[in-house]
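Undergrad: What follows is the residue order along each chain.
There are 2 protein chains.
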Amino acid sequence: MTQHAPEVTPDLFWETMVAFQRSAALKTAIDLDIFTKIGEGNSTAAEIAKAAGAAERGVRILSDSLTVMGFLTKTGNSYALTEACAAFLDKRSQMYLGSAVNFILSPQQKRGFEDLTDAVKNGGSRVTGEASMDPESEMWVEFARSMAPLMFPTAQAVAENVGLDPDREIKLLDIAAGHGIYGIMVGKRYPNAQIYGADWNKVLTVAKENAEKFGVADRYHTIGGDAFESDFGPGYDVILIPNFLHHFDVPTCEKFIRKLDASLAEGGKILTVEFVPNEDRVSPPPSAMFPLVMLAATPGGDAYTYSELKKMFENSGFANNEIVELHPMPQHLIISTR
Amino acid sequence: MTQHAPEVTPDLFWETMVAFQRSAALKTAIDLDIFTKIGEGNSTAAEIAKAAGAAERGVRILSDSLTVMGFLTKTGNSYALTEACAAFLDKRSQMYLGSAVNFILSPQQKRGFEDLTDAVKNGGSRVTGEASMDPESEMWVEFARSMAPLMFPTAQAVAENVGLDPDREIKLLDIAAGHGIYGIMVGKRYPNAQIYGADWNKVLTVAKENAEKFGVADRYHTIGGDAFESDFGPGYDVILIPNFLHHFDVPTCEKFIRKLDASLAEGGKILTVEFVPNEDRVSPPPSAMFPLVMLAATPGGDAYTYSELKKMFENSGFANNEIVELHPMPQHLIISTR
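Sequence order for the protein chains is A and B. Following this note's numbering, the numbering of the first sequence begins with 1 at its first residue and continues without gaps. Following this note's numbering, the numbering of the second sequence begins with 1 at its first residue and continues without gaps.
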């Protein structure tokens, strides 16, 4: 039997080098709301261009690229949305996620990757650390507004895993609440919960808007200020730490968990949402790529493995920890008690 | 029989949105020469970091990402190059292509994609057009130096398709020669060829270096200046137009081909190298994505289908045209005679 070695090609190199062009094409399509215009029935480049206020030539080239990329289909000169595109990128869909480009592809986030070589040399970012820690920065306001839709499925999965009697009166703290979606989703499932959202004041305006929108405003309280400095007060039954620990190094995380310990009621639990790579640190892809985002965006952040997270909690007074998959979302939930 | 619809997920949206991060990680790895350091035998993050003059933490996170992306393998804490990575991204390999990031991911090329929304609205780029048409710009010098390695396989395939008696004395013109690789490869196959490289003077210094390197300097002549203004002189047997026409709109291309007609000898032929999408304009992927690059980088450039190119040549005095695949490279060769 003859064995044929697979052809060694530079294809992966080429595809990866030009991958930024695909991000840019997607952002442009969302900026010009091309997907919604097609969803509304405009199908030729001329029709879409007219509806979007753009040039036919530009829209023709962009739409062909979006077809190659798998967002559109093309029949003759007519473009149509794929099923996934109709669900997530047509603004008229309740599952619309397109706003996420406003954060993920913001100049600030891209800046971190412009300076990635420096971050690798230095072992951490020297550019965006300040912005991400500045209470007056608009960055987290943009995050809160843009990323909320992406958080729903994860927040709902978290709410299903709180594991308390649904009628119980609970006092709930949502750390770095941002859009507030995590606290709000848990609050909706626990109608007698009082929800406390902690974040910088600017960002909390978004959380309050969402509390209003989801009908929990009468039970929603805010604690403005730096999470490391704020007085959260005592007696919380549940404390949520969604997508927060990854911004910091291990000593900072442990110090923060000890602070939360002081605010947690007898028998209370901490629910942490994180990207958790496997112990090999190179799988599964979404979680294993996340440390790079933190390298580009923070001085010392990372995505921690479960054994690292477990040790952080154990070192900070939480002997019992379990990890729960939030399938189909890439993140995990860690449930910690004393 | 029950039919199960495929799960509709936002995976493609997410992957495309963050694709720019992969381009950045690859560029950083090449900037820091991580692949060569690994090829030389450094395998742990600590060893690679020391060899590359970078922080271990930065290298660990970068190398894990490169493993997820398929450039490295990881066993325990040791990283190794994939076969393709060793062939194309280790500087010690004769097939090293890494320098291409210096052009494809240059600030100027990325700038075009930063302003892609404006280019779609306007029907063409308003930012980089000037730079690409400025004889004093360093952009094409960078192109000539960075992209030459990527051109070899295509240039060799072109040389194989010239179709003349190898001992014949031929006069050969290479339009927008740049790195000069196309003319030089044809010249090497035709030892009695006199090669004329036309480009801006700054760029021709790179072509002359390469002519020296490949032993054809004694037969290499240069014609400096703007291709639309230069006097190429008469009597060429073969004129190469490699990767040039896509920068311009159809009337400009036709005008230019008529100019070449005046310089072509009786029985001479024009060999054009281009990205040629199929008539549907959405396949095959590399050629079908190329118009987007031209939209971002030029006021009126495009990748033309074969029927469009054929019509351009017919309108400019070339009745006989054929198209040749340059497999495994994505480009095509168009051979035109009167």
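It should be emphasised that the hints constitute simulated quantities derived from the structure, not laboratory data. A hint or two may mislead.
Where chains are identical, the list cannot tell them apart; a pair therefore holds if satisfied intra-copy or between any two copies.
As the list claims (entries may be wrong) - Computed cross-link-like contacts, DSBU-like style, restricted to lysine-lysine with a CA-CA straight-line distance of at most 30 Å:
1) K50 with K188
2) K50 with K259
3) K208 with K311
4) K310 with K74
5) K74 with K311
6) K311 with K91
7) K311 with K255
8) K202 with K213
9) K50 with K269
10) K110 with K91
11) K121 with K50
12) K110 with K121
13) K110 with K259
14) K74 with K121
15) K121 with K188
Undergrad: Work down the list of hints and note, for each, if the structure agrees.
TA: Comparing the hints with the structure gives:
| no. | hint | result |
| --- | --- | --- |
| 1 | K50 with K188 | neither (43 Å within a copy, 52 Å between copies) |
| 2 | K50 with K259 | neither (57 Å within a copy, 37 Å between copies) |
| 3 | K208 with K311 | neither (34 Å within a copy, 62 Å between copies) |
| 4 | K310 with K74 | between (50 Å within a copy, 24 Å between copies) |
| 5 | K74 with K311 | between (52 Å within a copy, 24 Å between copies) |
| 6 | K311 with K91 | neither (43 Å within a copy, 41 Å between copies) |
| 7 | K311 with K255 | within (13 Å within a copy, 71 Å between copies) |
| 8 | K202 with K213 | within (18 Å within a copy, 62 Å between copies) |
| 9 | K50 with K269 | neither (55 Å within a copy, 43 Å between copies) |
| 10 | K110 with K91 | both (24 Å within a copy, 28 Å between copies) |
| 11 | K121 with K50 | between (48 Å within a copy, 10 Å between copies) |
| 12 | K110 with K121 | both (18 Å within a copy, 23 Å between copies) |
| 13 | K110 with K259 | neither (33 Å within a copy, 44 Å between copies) |
| 14 | K74 with K121 | between (45 Å within a copy, 21 Å between copies) |
| 15 | K121 with K188 | neither (46 Å within a copy, 43 Å between copies) |
Violated hints, in rising order: 1, 2, 3, 6, 9, 13, 15; the structure is consistent with all others.
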